[in-house]
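Chemist: Given next are the chains, with one letter for each unit.
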Amino acid sequence: MSAGHPSTAQLETLAEQALERCVGEAQVSVSHERSLLSRFARSQPTQATGIDALHVEIMCVYEGHTGAATTTSCAVGDLETTAAAARAAAEAAANAAGSVGDYPGLPAPDPHWRAQPHDGFDAATAAVDPGSAGRALQDAAGVAAEHRTEAFGTWTAGAVRTAIASTTGVRVTDAVTDAYMRVLCYRPDGRSGFAARSARDAAQLDGAALTGEAAAKAIVAGVPAVLAPGEYAVVMEPEAIGELLGFAGALAFNGLAHNEGRGALAGRLGARVAAAAINLADAPRASLTLPRAFDAEGIPKRPIPLIQDGVAHAVVHDTRSAARAGPGARSTGHALAPGGDPDGPVPTNLVLSGGGAADVAELCAPIVRGIYVTRLWYVNTVRERETLLTGMTRDGTFLIEDGRIGRPLRDVRFTDSVLRLLDAIEALTKTQRLVSAGDFYGPRFAFGVVSPALRARGFRVSGTTPG
Amino acid sequence: MLDQLTNLMDAAIDRCAYADARHVVHDAETVWVRDGRVDRVQRDRSEGVGVRVRVGGAWGFAATSDPSRRAIERALARSLAIAETQPTVVGHPLAPTEPARGSWTGPCELDPFGVTLEDKVELLLAAETAMRGDPRIVRAEASARSALSERTFASTEGAACSQRSHECGAGIGVIALQGNELQVRSYPAAHEGQSAAGGWEIVERLALAQHAPRIADEAVALLAAPACPVGEMTVVLGGEQVALQLHESVGHALELDRMLGSEASYAGTSWVSAADVGSLRYGSELMTVTADATLDGGLGSFAWDDEGVKARRLELIEDGLLRSALSSRETAGEIGESLSGGCMRADGWARQPIVRMTNVSLAPGDAGSLEKLIADTDRGLLLETNRSWSIDDRRLNFQFGCELAREIVDGRLGRLYRNPTYTGVTPHFWRSLDAVCSEPEWRLRGLLNCGKGEPGQIAHVSHGTAPARFREVQVGVASA
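As they're listed, the protein sequences go chains A and B. Each number in my numbering comes from the position in the first sequence (counting from 1) with 1 added on. Each number in my numbering comes from the position in the second sequence (counting from 1) with 73 added on.
With the rest of the complex left out, here is chain A (with noise of 0.2 Å):
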């Protein structure tokens, strides 16, 4: 088989070639991705990537050990020769322990459980060609200009199909496309505006309106205010919601984690957590999410209610985090990796409900003093236990005054829990928008946050970026 543009049947009898070459108990996942994403900045096209990779993982289970190997080739010899490596590394780990190991064994076929179809697959997008980027860049170079601005920013647009085959019956297919633009317009004097959107289709990517969308953020009028570090109310887009509860899906959904008593959720599931207005799910068939059709371990998904009416409700498991949890639990449909990944599952589908706001303007009308963020940059945990984040705001951050968006401001510094915010919400709009990072390190792997706007409480600011 060439790695040109395999077909899923082509994946699929490509996993049973390399299972029949396992030894034991295996699990065979095979990948193709074929994508393209082009980067422009100062309205010039910078860099353009095309990606056509294939991915082979084999993990062998030994005495409760598992031994995992990848080849990105599928000549028969690469296939033995990956079977051998991992097959030698869960015996290498048997051994050496000197005890059975705690992985339960690979999951078997659910009669009463099959993966569901979706409609994640777009097949104009998974045959895109270069062009649509081009055209696309060449809308936001125009539009940009109008409004005195550059542009700079990313469009891509991918698909992945995806074939597992285990020596305990699992057999699943699966295929997905993704696409995704984001545009960042600067003025001269260096204030910028941004407008992102995510989806399954890039026909939906509309270059010219995201462009408009982030100047007119960057060409807002004022001399940019600074903010004393305090407490604030706060008005949300999407974008950066989305960041936060990918921070809080990691920290306080993760049931290894919890298992071991450092999730955020500890002792908490059954505990209000959050506003009562919060519902928040992992729910991968929902109309505006990624879909997926089964997890690294070929278990199929399903939606799972993490916070309902504000009360932590559940955590999500692989194979192995839900054995360690005892009687009861089982694997909900998150593995990273087959096997199981060593920091844990966690939700990739999330979908938080929107609320009752017609839009933005009606969230920022009670405020009197408070600021409005479009995004947060470089967020990292300061302490896991709390769900205590830090970060930046960046490319549209403004104050309200008085009801309305007014003046910007220079970016600030937020230290802040995630889960304190989600208990201090006070409104979110109707409508949702899903982001999404698309920046796709190693193979690509789209998934996103699907989230209304917000209005919270007291906002912790932290400090503030100098001019």
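Since the hints were made in silico from the structure, they are not lab data. Built from N, CA and C at the ideal position, the CB exists for glycine as well. Misleading hints may appear alongside valid ones.
[Unchecked claim] Selected chain A positions facing chain B (in silico; Cβ < 7 Å):
| hint | residue |
| --- | --- |
| 1 | Q45 |
| 2 | F122 |
| 3 | Q205 |
| 4 | S288 |
[Stated by the list, open to error] Stretches of chain A that chain B covers, calculated by requiring three or more beta carbons in the stretch to come under 8 Å of a beta carbon on chain B:
| hint | stretch |
| --- | --- |
| 5 | 6 to 16 |
| 6 | 27 to 39 |
| 7 | 55 to 67 |
| 8 | 138 to 146 |
| 9 | 178 to 188 |
| 10 | 400 to 412 |
[Said to hold, decoys possible] Across the chosen pairs, the derived CB separations fall in these ranges:
| hint | chain 1 | residue 1 | chain 2 | residue 2 | range |
| --- | --- | --- | --- | --- | --- |
| 11 | A | A362 | B | S411 | 47 to 57 Å |
| 12 | B | T189 | A | D111 | 36 to 46 Å |
| 13 | B | D76 | A | G443 | 49 to 59 Å |
| 14 | B | S352 | A | G143 | 30 to 40 Å |
| 15 | B | V303 | A | G25 | 55 to 65 Å |
| 16 | B | T202 | A | D111 | 51 to 61 Å |
| 17 | B | R205 | A | Q309 | 35 to 45 Å |
| 18 | B | D76 | A | Q117 | 48 to 58 Å |
Add chain B to chain A, keeping to what the hints say.
Modeler: Chain B alone, transformed into the frame defined by chain A:
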């Protein structure tokens, strides 16, 4: 493979202004042990070819995991198609370079792939076991990684070279929990420990098991330690924290692509402009920073960068004054430099090279040992081992958290404090540098998680640093 790439470049020479091709084979093995068990053993092999072309000033790049002749010819055709569909762009001339020719092999005393998995697991389990015992330890882990990278490069300018290098590293970490208080300790560094270019000897020298009981004891002690005080004070940063401070607030800020705006939409820009080179006072006179791709054992060491420019040693900052920036052939050409800084690096075959740090180091000072520096400090804090980091998109406003703080009173170490953080603004902070420990305290510290570019790329870099002292630093903001 070199012949295949050279033939491909012969086929490209009349179809574009410039082209290069890289074939990369990367083998890696990682072993994780946790809580008395082997958590996972992972062996990865990745092979492919990336082809980069320049047509009318626009770049096109295509990568394939199929290294056959037909597949890389398809990759060349695709890269040309991608470049040709870009909007018209005024390209800057590439700074000239001598075509890279020959081969290079990095250091490796003990082949890590010749060490049995059983021996690796045994070493890690010994360290991991030595951290457990106290019931407040909820997670103890150890990991080790080995990698071999073989890179072949050819260009339409006549470059034809190959490089082979090993990396190895290991680390241990522990999490202690009591009530709602969670504390972490790591050795020899946070974020996957310490790595360097070389063989398994690097892991053996770390003596993980010897340090394991200490970090477990410290994690437990931190549970009952008072919260770090808040206020403006003198801080002494351990060498590992100086490395991350240098990485975030100096290394990234001096990447010329950021300074010129090419990374604005993702990684951000820089508070430094190209016009500042030669005149900007970046820090105090004790601050001398180099980017040296020729350092033995550096993760950012090579013979040629990923566009075939010979490895260089750049003086970035001399006695506090900005002297140069990290650059590529294109960015150097854009500002009229006659030579590239040799800083183009790519994360494997499926990513195109971008401007990266090599081994960015702070020169040692004359403050003697860490003990002497502490003895010379009346009052302040010693902060050790990074726990969190964040910096704005111009690399100005930063906030770091460390695993542990110790009070310094009258030149002696005193109480232990938990949850220390500090914050600052880059030039103000580096201008407050008033002591750097001497050469014997200087170490190359590997960093494995430097993210940049789209599609995302992870770079491995090293930073040579020694403990250093900074005055009037804002400590403890996150506790507010």
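Chemist: Each of the hints needs a verdict: does it hold here or not?
Modeler: These are the hints, each one checked on the structure:
About 5 Å separates the beta-carbon of A:Q45 from the nearest beta-carbon of chain B, less than 7 Å, and the hint is met. Given the 7 Å rule on beta carbons, the hint for A:F122 is violated: about 20 Å separates it from the nearest Cβ of chain B. Interface restraint check: A:Q205 against chain B, minimum CB-CB distance 19 Å, threshold 7 Å, status violated. Against a cut-off of 7 Å between C-beta atoms, the interface hint on A:S288 is violated, since the closest Cβ of chain B lies about 27 Å away.
Residues of the stretch 6 to 16 of chain A lying with their CB closer than 8 Å to a CB of chain B number 0, which falls below the three-residue condition for coverage. Figure legend: the stretch 27 to 39 of chain A, annotated as covered by chain B; annotation consistent (4 residues with Cβ-Cβ distances under 8 Å, at least 3 required). Requiring three or more residues with a Cβ within less than 8 Å of a Cβ of chain B, the coverage given for the stretch 55 to 67 of chain A holds, as 4 such residues are present. Check result for the stretch 138 to 146 of chain A against chain B: holds, 3 residues qualifying (beta carbon to beta carbon below 8 Å, three or more required).
Check result for the stretch 178 to 188 of chain A against chain B: holds, 4 residues qualifying (beta carbon to beta carbon below 8 Å, three or more required). Evaluation of the coverage hint for the stretch 400 to 412 of chain A: breached, as 1 residues show C-beta separations to chain B shorter than 8 Å, against a requirement of three. Taking 47 to 57 Å as the suggested C-beta distance range, the pair A:A362 and B:S411 conforms, at roughly 55 Å. Under the hint 36 to 46 Å, the C-beta atoms of B:T189 and A:D111, about 39 Å apart, fit the expected range.
Between B:D76 and A:G443 the C-beta distance comes to about 30 Å, which lies outside the given range of 49 to 59 Å. Evaluation of the 30 to 40 Å hint for B:S352 and A:G143 yields a pass: the beta carbon distance comes to about 37 Å. Range check, B:V303 to A:G25: about 57 Å between beta-carbon atoms, so the 55 to 65 Å window is met. For B:T202 paired with A:D111, a C-beta distance near 38 Å fails the hint of 51 to 61 Å.
The hint said 35 to 45 Å for the Cβ distance between B:R205 and A:Q309, and at roughly 37 Å that hint holds. Distance hint check for B:D76 and A:Q117: the Cβ-Cβ separation is about 51 Å, which falls inside the suggested range of 48 to 58 Å.
Hints 2, 3, 4, 5, 10, 13 and 16, counting from the list given before, are not met by this structure.
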